[in-house]
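Here is how the chains run, residue by residue.
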Amino acid sequence: MPEFLLDGRSVPFEPGQTVMEAAIAAGIYIPHLCWHPAFEPHGSCKLCTVDIDGRPASACTRPAEAGMQVTSGSEALRRLRLRLTQMLFVEGNHFCPSCEKSGDCELQAMGYYLGMTDNHYPHFYPRRELDASHPDILLDRDRCIFCELCVRASRKEGKSVFALAGRGPQTRLVINSPSGRLGDSELDAGDEAAGICPVGAIVRRNTAYRVPIGQRRYDLAGIDEESLARERPLLGRADGPTED
Amino acid sequence: MPDATEIARDAIARHGTAPVQLLAVLHEIQRRYHGIPRAAMEVVARAFGRSVAEVEGVIGFYSFLHERPHGEYAISFSDCPVDRFLGQDELIERLCRQLGVAPGQVRDDGRVSVETTSCTGLCDQGPALLVNGRAIPALDPGRIDTIAGLIEQRRPLEQWPGAWFRVEHGIRHPGPLLEAPEQPGKALELALELGPAGVLERIERSGLRGRGGAGYPTALKWRYCREAPGEHHVVCNADEGEPGTFKDRELLRLRTGDLVEGMTLAAFVTGAREGFLYLRAEYGFLAAELEQHIAERRSAGLLGHTILGREGFDFDLHLVTGAGAYVCGEESALLNSIEGRRGTPRNRPPYPVTAGLWGRPTVVNNVESYIAACRIVLQGAEWFTRHGTERSRGTKLLSISGDCARPGIYELPFGTPVGEVLELCDAGEPVGVQVGGPSGTFIAPPEFARRIAYEDLSTGGAFMVFGPDRDPVAIAAQFSHFFAHESCGFCTPCRVGTALQQRLMERICGGRGTVADLQELEQLAGLMRQASHCGLGHTAANPVSDTLARYPEYYQARLQGAALQPQPGRPPADSRKEVARDA
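These protein sequences, in sequence, are chains A and B.
No gaps in the numbering here: position 177 of the first sequence is 177 in the working numbering, and each next residue is one more.
No gaps in the numbering here: position 387 of the second sequence is 387 in the working numbering, and each next residue is one more.
Incorrect hints may appear among the rest.
Claimed, not checked - Rough simulated footprint, nothing fancy, chain B against chain A, three-plus residues with beta-carbon under 8 angstroms:
| no. | stretch |
| --- | --- |
| 1 | 45-55 |
| 2 | 73-86 |
| 3 | 131-143 |
| 4 | 158-164 |
| 5 | 171-183 |
To be verified - A short list of chain B residues far from chain A (calculated; beta carbon distances all over 10 angstroms):
| no. | residue |
| --- | --- |
| 6 | Glu56 |
| 7 | Arg107 |
| 8 | Gly133 |
| 9 | Leu178 |
| 10 | Ala197 |
| 11 | Arg223 |
| 12 | Gln292 |
| 13 | Gly304 |
| 14 | Pro493 |
| 15 | Leu500 |
These are computed hints drawn from the structure, not numbers from a lab.
For glycine and all other residues, C-beta sits at the position ideal for the given N, C-alpha and C.
Could you build all of it, start to finish, from the sequences and the hints given here?
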């Protein structure tokens, strides 16, 4: 098997695998929010930025090559990822203490993992529309980080309920239904798209406090450990790029 | 007025439902209904086999398409530092006052809307606006008053003075590329003699590099595409959106034959049978002439089936008009836009030469590159290498605008020092020059010996001159606004970073900035450069970091609590005015 070097460790890979896939397979965590082993890589959150042979690259989209020298665990990259995480916090309205996703939220867990103690940047306090029209699912756009996991999951399920509209800082999640509201869409609470949101933007209703604070996903393990345990078995499930 | 769904069905009947027609259909609905309401989206989505949300996503991405109707007369003023120097702000204010409409709003009766849009490519003859997509350059207060009157009288554009819509060529300094007479079909005849390998060899020997600014060797691009298996495409990037550049506007009019012939040569080399010319929406006024030219070449046997009688040499060309998105100048975003999608840049690798349009190997070159390729085949590699430097062969077209006596288009050999360019356009003693537009380099007088060349100051052609009274901080702030407006929003560092940068620059221009803000700007610049998804994010901090490095005293003077000291050549009254305007 060909290999590349990741923070000094030899990582074997199968041709066609990305740096991210090979790293996860080898039990090495590279921070990420928009990547998920079951979907084609997206490359938008940039948390997985690594240094490959002296140049920055996204680990989730870069195909692995034999002999690459990859750095992921440096202090400079931790700082970069911290700033990116802080950017995601300030551009939306993420108030962990009042959010039902707290403890299960990947953005929050990423903040802890990277040693985030403040927001660093000023808050944008955007005004985004909340959609409570669906009986079983709530869409709180204030918490959306534009990872498009719901877009990809719903497309894979053949429903294509979600899409992004707008541009730049005005980007927003929109719903495929006659009224543009979630309640009139085909989304069911059982859909993978309804449960894939890494943050608290799309949440299943009536499930918020079934697991008490203190016993939630990231109360029990850090995001690095949890991510490897959950995502490693799913490797290889991703399809090729799907048409949107 | 027919209802929106009727207009949508009509537009679909006219343009068809091939994915490349999506923007054309949306443009037509926008033009006739002044907006694209949800009912029309549904008709379009059904016809194109897309979801309504996707169509909504496409509409929301482009500045010239809107769900909410704009005015019957939709007016967009070009927003660019150069247009502002020429009094754009006062003209906007004047028009809005006369029409009783607020900037960015639609008047209650739906008659008119007034807004600003990113640089429309008329900096050499500004201030300029677009009315329902048609350009009017050389505005002055008198013309603004007449426009207001015509709108109140509801006079159709066809009855407005035709001379207003005339865009001058503005060629100030022609060189070998602009002077050579066109010889339709001649380069193709030569190509048939040389064969694809011979054409490639000639272009390779000329050392031609991409004229968009990145400088990738053209022959190498064509060769990689030729070697990639499958059906091929040839695409021309005529999405000249860099603020301060307008030379493609003239190349598209004066060198149409060479351009189409250059694309046909690329098709001959790569075996492509279908090509697309992606025209920026702001140049929509060129579309009819381009279509006509393409049709004439078809009749002359220079496009279409069996070109010049050669069996199997088939290539046809289609025009696609963009819809107002700077990021579509990035080649993979441009390809998404042709495919009728949101113009977000793709992940690379793979590159377009192996996986471009619909995943097929695609050559994407800029207007000037195709024209140069055509001339090289015609006149030989040696003709080309007579000009320029070792690493930057040939000549470069510059779009010169701003504070100089002779703005316009200049064709100069690569290697020409900035100082010489400034003399040619009679610029006096500028405080600085933005070479290559905001994504390029902002240079100060000590650097005027630097040269226009890939190895020194690389440029797609913009050359904005800023006179001694201009404030580099205010200019950088305007460019930071431009990048935040044009960021596609796909990746975190650019989407949030450009917005943060804009806020920081507003603070500083408002006199509320601190030393920590300056440090933050530098850190943001590093982060965007390192982690962004595409060239837009990589360069979005250039105007700020370039001016921070070269004009620290201008920034210091703006900081909170700093005593306002007169700057050399910059009276404080002027600075107060600019602060107020930018705040």
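Results of checking the hints against the structure:
Residue count for the stretch 45-55 of chain A with a Cβ under 8 angstroms from a Cβ of chain B: 4. That meets the three needed, and the coverage hint holds. Restraint check on the stretch 73-86 of chain A versus chain B: 3 residues with Cβ-Cβ distances below 8 angstroms, three needed, restraint holds. Evaluation of the coverage hint for the stretch 131-143 of chain A: breached, as 0 residues show C-beta separations to chain B shorter than 8 angstroms, against a requirement of three. Residues of the stretch 158-164 of chain A lying with their CB closer than 8 angstroms to a CB of chain B number 5, which satisfies the three-residue condition for coverage.
Residues of the stretch 171-183 of chain A lying with their CB closer than 8 angstroms to a CB of chain B number 8, which satisfies the three-residue condition for coverage. Glu56(B), annotated as away from the interface, has a beta carbon of chain A within 10 angstroms; the closest lies near 5 angstroms. Consistency note on Arg107(B): stated as away from chain A, and its beta-carbon is indeed over 10 angstroms from all of that chain's, at 23 angstroms minimum. Listed as outside the interface, Gly133(B) is consistent with that label: its C-beta sits roughly 19 angstroms from the nearest C-beta of chain A, beyond the 10 angstroms cut-off.
Listed as outside the interface, Leu178(B) is consistent with that label: its C-beta sits roughly 36 angstroms from the nearest C-beta of chain A, beyond the 10 angstroms cut-off. In this structure Ala197(B) is separated from chain A by more than 10 angstroms, as the shortest Cβ-Cβ distance comes to about 30 angstroms. Here Arg223(B) stays apart from chain A, with its beta-carbon at least about 22 angstroms from theirs, past the 10 angstroms limit. Under the 10 angstroms C-beta cut-off, the non-interface status given to Gln292(B) relative to chain A holds; the minimum distance is some 33 angstroms.
With a least CB separation of 30 angstroms from chain A, Gly304(B) remains clear of the 10 angstroms interface cut-off, as annotated. Distance to chain A contradicts Pro493(B) as a non-interface residue, since its nearest Cβ pair spans about 6 angstroms, not more than 10 angstroms. For Leu500(B), the requirement that its beta carbon stay farther than 10 angstroms from each beta carbon of chain A is not met, with the minimum near 6 angstroms.
When the structure is compared with the earlier hints, violations turn up for hints 3, 6, 14 and 15 and for no others.
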